[in-house]
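Protein chains: 4
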Amino acid sequence: MLEDMDFIKSCDVPGPTKEAIRAIILYKSDVKDSENVVDVGCGTGGITCEFAQRAKHVTSIDINPEAIEMTQKNLDKFDLGDNVTLICNDGAEALKDIEDIDIAIVGGSGKQLENILELIDSKLNSKGRIIVTAILVDTKVEAINKLKELNYNPNIMEVNISKGRVLDRGIMMMSENPIAIISAKKR
Amino acid sequence: MLEDMDFIKSCDVPGPTKEAIRAIILYKSDVKDSENVVDVGCGTGGITCEFAQRAKHVTSIDINPEAIEMTQKNLDKFDLGDNVTLICNDGAEALKDIEDIDIAIVGGSGKQLENILELIDSKLNSKGRIIVTAILVDTKVEAINKLKELNYNPNIMEVNISKGRVLDRGIMMMSENPIAIISAKKR
Amino acid sequence: MLEDMDFIKSCDVPGPTKEAIRAIILYKSDVKDSENVVDVGCGTGGITCEFAQRAKHVTSIDINPEAIEMTQKNLDKFDLGDNVTLICNDGAEALKDIEDIDIAIVGGSGKQLENILELIDSKLNSKGRIIVTAILVDTKVEAINKLKELNYNPNIMEVNISKGRVLDRGIMMMSENPIAIISAKKR
Amino acid sequence: MLEDMDFIKSCDVPGPTKEAIRAIILYKSDVKDSENVVDVGCGTGGITCEFAQRAKHVTSIDINPEAIEMTQKNLDKFDLGDNVTLICNDGAEALKDIEDIDIAIVGGSGKQLENILELIDSKLNSKGRIIVTAILVDTKVEAINKLKELNYNPNIMEVNISKGRVLDRGIMMMSENPIAIISAKKR
Ligand SMILES: Nc1ncnc2c1ncn2[C@@H]1O[C@H](CSCC[C@H](N)C(=O)O)[C@@H](O)[C@H]1O
Ligand SMILES: Nc1ncnc2c1ncn2[C@@H]1O[C@H](CSCC[C@H](N)C(=O)O)[C@@H](O)[C@H]1O
Ligand SMILES: Nc1ncnc2c1ncn2[C@@H]1O[C@H](CSCC[C@H](N)C(=O)O)[C@@H](O)[C@H]1O
Ligand SMILES: Nc1ncnc2c1ncn2[C@@H]1O[C@H](CSCC[C@H](N)C(=O)O)[C@@H](O)[C@H]1O
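Residue numbers (our numbering), protein chains in the order written: chain E, 84 to 270; chain V, 84 to 270; chain C, 84 to 270; chain X, 84 to 270.
One should not assume that every hint holds.
It does not matter which identical chain is meant; a pair holds if it fits inside one copy or across any two.
Within a straight-line C-alpha distance of at most 25 Å, the following computed DSS-like cross-link-like pairs (lysine-lysine) qualify [to be verified]:
{"hint": "1", "residue 1": "Lys231", "residue 2": "Lys246"}
{"hint": "2", "residue 1": "Lys194", "residue 2": "Lys246"}
{"hint": "3", "residue 1": "Lys269", "residue 2": "Lys246"}
{"hint": "4", "residue 1": "Lys210", "residue 2": "Lys156"}
{"hint": "5", "residue 1": "Lys139", "residue 2": "Lys115"}
{"hint": "6", "residue 1": "Lys115", "residue 2": "Lys160"}
{"hint": "7", "residue 1": "Lys101", "residue 2": "Lys115"}
{"hint": "8", "residue 1": "Lys194", "residue 2": "Lys231"}
{"hint": "9", "residue 1": "Lys101", "residue 2": "Lys246"}
{"hint": "10", "residue 1": "Lys246", "residue 2": "Lys210"}
{"hint": "11", "residue 1": "Lys229", "residue 2": "Lys194"}
{"hint": "12", "residue 1": "Lys92", "residue 2": "Lys206"}
{"hint": "13", "residue 1": "Lys210", "residue 2": "Lys160"}
{"hint": "14", "residue 1": "Lys229", "residue 2": "Lys269"}
{"hint": "15", "residue 1": "Lys101", "residue 2": "Lys268"}
{"hint": "16", "residue 1": "Lys268", "residue 2": "Lys160"}
{"hint": "17", "residue 1": "Lys179", "residue 2": "Lys268"}
{"hint": "18", "residue 1": "Lys268", "residue 2": "Lys246"}
Rather than coming from a laboratory, the hints here were simulated on the basis of the structure.
Using the sequences plus the hints, can you model the full thing?
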């Protein structure tokens with residue numbers, strides 16, 4: 084279990100994906116230690132660090148070199164990374180060279196979501212799982228529509244978390260921004 | 084209609100109560116222009132400025148002199164305040180001298196919530212309304228329990244708002260902290 | 084102030100729009116008693132009954148005859164309706180014959196949202212306001228995009244309400260479904 | 084990964100704890116297959132079925148015989164239960180006879196929360212974890228206060244989930260009731 088505050092952060096790289104969201108993604112992924120994971124848009128490595136502990140291998144992609152650097156730093160910090168490959172490239176390019184995917188997480192895609200989902204679909208093993216996290220309303224609609232088009236039966240869950248600060252005078256709840264988790268399973 | 088961003092703010096005074104919360108409080112208060120309102124813990128004047136536009140008279144109390152100053156500044160800014168009396172004192176003291184209350188809003192009470200609710204109850208006209216806003220979990224329980232003890236039949240509503248930032252690449256939702264609104268009506 | 088539970092309901096007509104949402108819509112509309120309101124998709128009349136109390140005139144449109152019937156019933160129940168015209172038609176048709184709109188609420192639009200927003204825009208007085216409520220994720224995106232195209236600067240607020248049931252053993256919170264409120268003002 | 088809808092349910096027994104909440108509890112528990120878990124108030128077995136797959140042993144307690152029956156049925160359904168002991172008794176009694184606890188989940192406690200937390204504290208191994216789920220506002224405050232009194236440094240997270248129903252005309256979000264997860268770790 085990794086604490087949000089233990090991650091090394093940078094102003095220029097979003098993340099890490101918050102604890103509750105990581106928990107739900109892990110649960111929905113149903114990852115096994117024989118499985119290969121791709122993390123598209125790895126940011127600060129929040130998702131990568133989780134799967135590195137549980138999967139056979141993780142390939143983490145980000146278009147931003149600083150994100151790749153941050154992910155490496157966090158892997159190092161948590162003493163992880165032996166089974167992780169980092170690729171600095173657009174997901175829509177990098178995925179072309181990746182085969183044998185059991186679980187694909189899409190945490191960032193810029194304007195490439197549809198291409199990325201198509202590529203993932205073409206590389207995904209049967210019973211493979213796709214999980215997209217969305218902070219933009221538009222991404223939710225786009226992910227659902229593209230997954231339906233690709234013949235999946237997608238689920239969507241919107242998560243609103245607030246965390247308590249235990250003060251002397253009482254417990255004050257502070258909200259995190261809402262995140263949608265779109266997930267689908269290959270038949 | 085007042086915009087959140089149009090209020091003058093200060094680091095040392097909480098507020099203003101956000102737009103959606105002000106809207107719900109106004110609605111629940113069912114204020115008429117013949118009615119007297121008390122705003123206990125007026126902060127930056129978010130609630131006071133709303134009722135000043137709609138009630139006969141508003142008495143606004145805050146224990147913090149800076150809050151009284153801020154409320155005055157915001158009343159001035161919105162060209163309001165002719166029907167507002169500002170009192171810098173503990174609500175549990177100031178209320179002793181106030182009679183004929185139709186609507187009491189409690190936006191801050193420190194450790195005095197129970198005393199404040201007792202005093203309000205003793206000064207509240209029949210069909211009068213009490214509305215407490217709570218950011219602390221403890222305040223919710225305390226307000227409900229005290230109002231039940233005072234023979235009210237309180238309602239509680241928890242409000243989670245997120246607001247969209249319309250970006251080029253899409254709409255991103257940003258959360259405000261959850262607020263509870265506890266309300267009750269004198270028989 | 085109308086209580087949700089006081090509305091007459093029907094299995095075949097959605098609504099009424101819940102109390103907190105009505106409150107926020109009223110607040111954002113900034114309605115004056117000299118203004119004309121259109122309620123497109125009036126359902127059971129939740130919105131219509133509110134504006135009937137505050138506007139000069141309300142025109143309420145629904146494509147479903149049962150909705151028109153329900154709205155009439157609720158207007159009757161709350162002793163309202165003298166300033167309300169009910170029209171049973173598709174909003175995209177009915178709006179063609181309506182002029183001089185100060186406030187337009189769109190609570191339902193089927194597949195006609197873009198047409199309806201275009202028509203409203205062409206009939207809306209300067210400083211007029213448009214408010215769309217959305218329960219579908221897709222409607223949020225569509226409303227924002229269309230309003231931007233029509234040269235508005237839309238706001239979006241997502242509202243998550245839970246209401247407490249005060250039980251003997253404590254207060255249990257029950258959620259209402261999330262609603263988005265998209266609003267815009269004509270320059 | 085268990086689907087909410089795959090659990091056998093009964094009108095008289097609350098549960099199962101929903102997927103996202105189970106996911107967060109599992110994550111926060113950081114359970115290892117060498118560890119012993121107690122599930123106080125096991126209801127329909129939502130939590131028990133999860134830990135049965137991951138812990139060394141699970142002791143599940145419920146005061147309601149029907150809950151014990153339901154938990155047994157769900158264990159059977161998911162082909163689990165070899166490492167589970169079911170006890171039909173008040174948690175405040177049953178815990179007296181249980182030793183060597185690594186993880187304690189409290190999903191129901193009636194009026195016994197303080198006693199139950201005291202007992203758990205006295206049986207909890209060092210580095211052990213306590214997780215309380217609360218649907219009542221009062222339980223949140225009580226759990227936090229008791230855990231502070233027992234020298235823990237509790238966290239509280241409030242979880243609001245809505246799930247999408249993918250309809251032809253779009254994605255409609257339906258809310259689940261808010262749940263608080265209070266967690267603490269023994270030093
Ligand atoms: N087309 C694309 N290909 C690869 N990475 C992309 C991309 N579009 C956006 N990204 C990356 O997606 C990331 C989204 S933030 C992801 C946070 C991450 N899940 C964490 O837990 O830390 C950003 O770092 C951004 O650079
Ligand atoms: N016992 C008490 N008597 C009077 N004011 C109190 C008080 N305890 C706390 N307060 C005040 O309650 C306020 C809470 S913040 C209120 C914000 C306000 N509703 C707005 O819209 O701006 C603080 O300014 C604090 O000084
Ligand atoms: N194109 C269209 N024109 C007119 N009404 C429409 C429409 N598409 C959907 N509707 C109506 O929109 C309504 C949405 S439900 C609205 C609930 C309402 N605000 C209340 O408070 O009661 C439904 O009654 C539906 O019949
Ligand atoms: N003092 C007590 N001791 C044992 N069980 C209790 C109790 N007070 C309440 N309960 C039980 O707590 C349960 C809460 S519902 C728990 C749901 C469960 N987590 C699931 O996933 O299915 C109820 O079944 C109730 O009978």
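inquiry  = Within, between, both or neither: how does the pair Lys92, Lys206 come out at a Cα-Cα threshold of 25 Å?
reply    = This pair counts as neither: shortest intra-copy Cα distance 32 Å, inter-copy 38 Å.
request  = Indicate which option fits the pair Lys101, Lys268 if close means a Cα-Cα distance not exceeding 25 Å: within, between, both or neither.
outcome  = For Lys101 and Lys268, both the intra-copy (23 Å) and inter-copy (20 Å) Cα distances are at most 25 Å.
task = Please work out whether the CA atoms of Lys269 and Lys246 approach to 25 Å or closer within one copy, between two copies, in both situations, or in neither?
result = Answer is between: at 20 Å across copies they meet the 25 Å cutoff, but 34 Å inside does not.
ask   = Taking 25 Å as the upper bound on the Cα-Cα distance, should Lys246 and Lys210 be classified as within, between, both, or neither?
value = between (35 Å within a copy, 22 Å between copies)
Lys115 and Lys160: within-copy, between-copy, both or neither at 25 Å Cα = both (23 Å within a copy, 22 Å between copies)
Copy assignment of Lys101 with Lys246, given that the CA separation must stay at most 25 Å = both (11 Å within a copy, 19 Å between copies)
ask   = For the identical chains here, do Lys101 and Lys115 meet the 25 Å Cα criterion within one copy, between copies, both, or neither?
value = both (22 Å within a copy, 22 Å between copies)
key: Alpha-carbon proximity context of Lys194 and Lys246, limit 25 Å   = So Lys194 and Lys246 pass the 25 Å test across copies only (23 Å; inside, 32 Å).
query = Given a CA cutoff of 25 Å, do Lys194 and Lys231 count as a within-copy pair, a between-copy pair, both, or neither?
reply = Classified as both: same-chain Cα gap 19 Å, cross-chain 19 Å, threshold 25 Å.
request  = Check Lys268 against Lys246 for me: Cα-Cα at most 25 Å, and say if that holds within a copy, between copies, both or neither.
outcome  = For Lys268 and Lys246, only the inter-copy Cα distance (17 Å) is at most 25 Å; the intra-copy one is 31 Å.
request  = Classify it for me, Lys229 with Lys194: is the Cα-Cα distance of at most 25 Å met within a copy, between copies, both or neither?
outcome  = Intra 13 Å, inter 20 Å, cutoff 25 Å: intra and inter.
key: Lys229 and Lys269: within-copy, between-copy, both or neither at 25 Å Cα   = within (14 Å within a copy, 35 Å between copies)
Violation of the numbered hints given earlier is confined to hints 4, 12; the remaining hints are satisfied by the structure.
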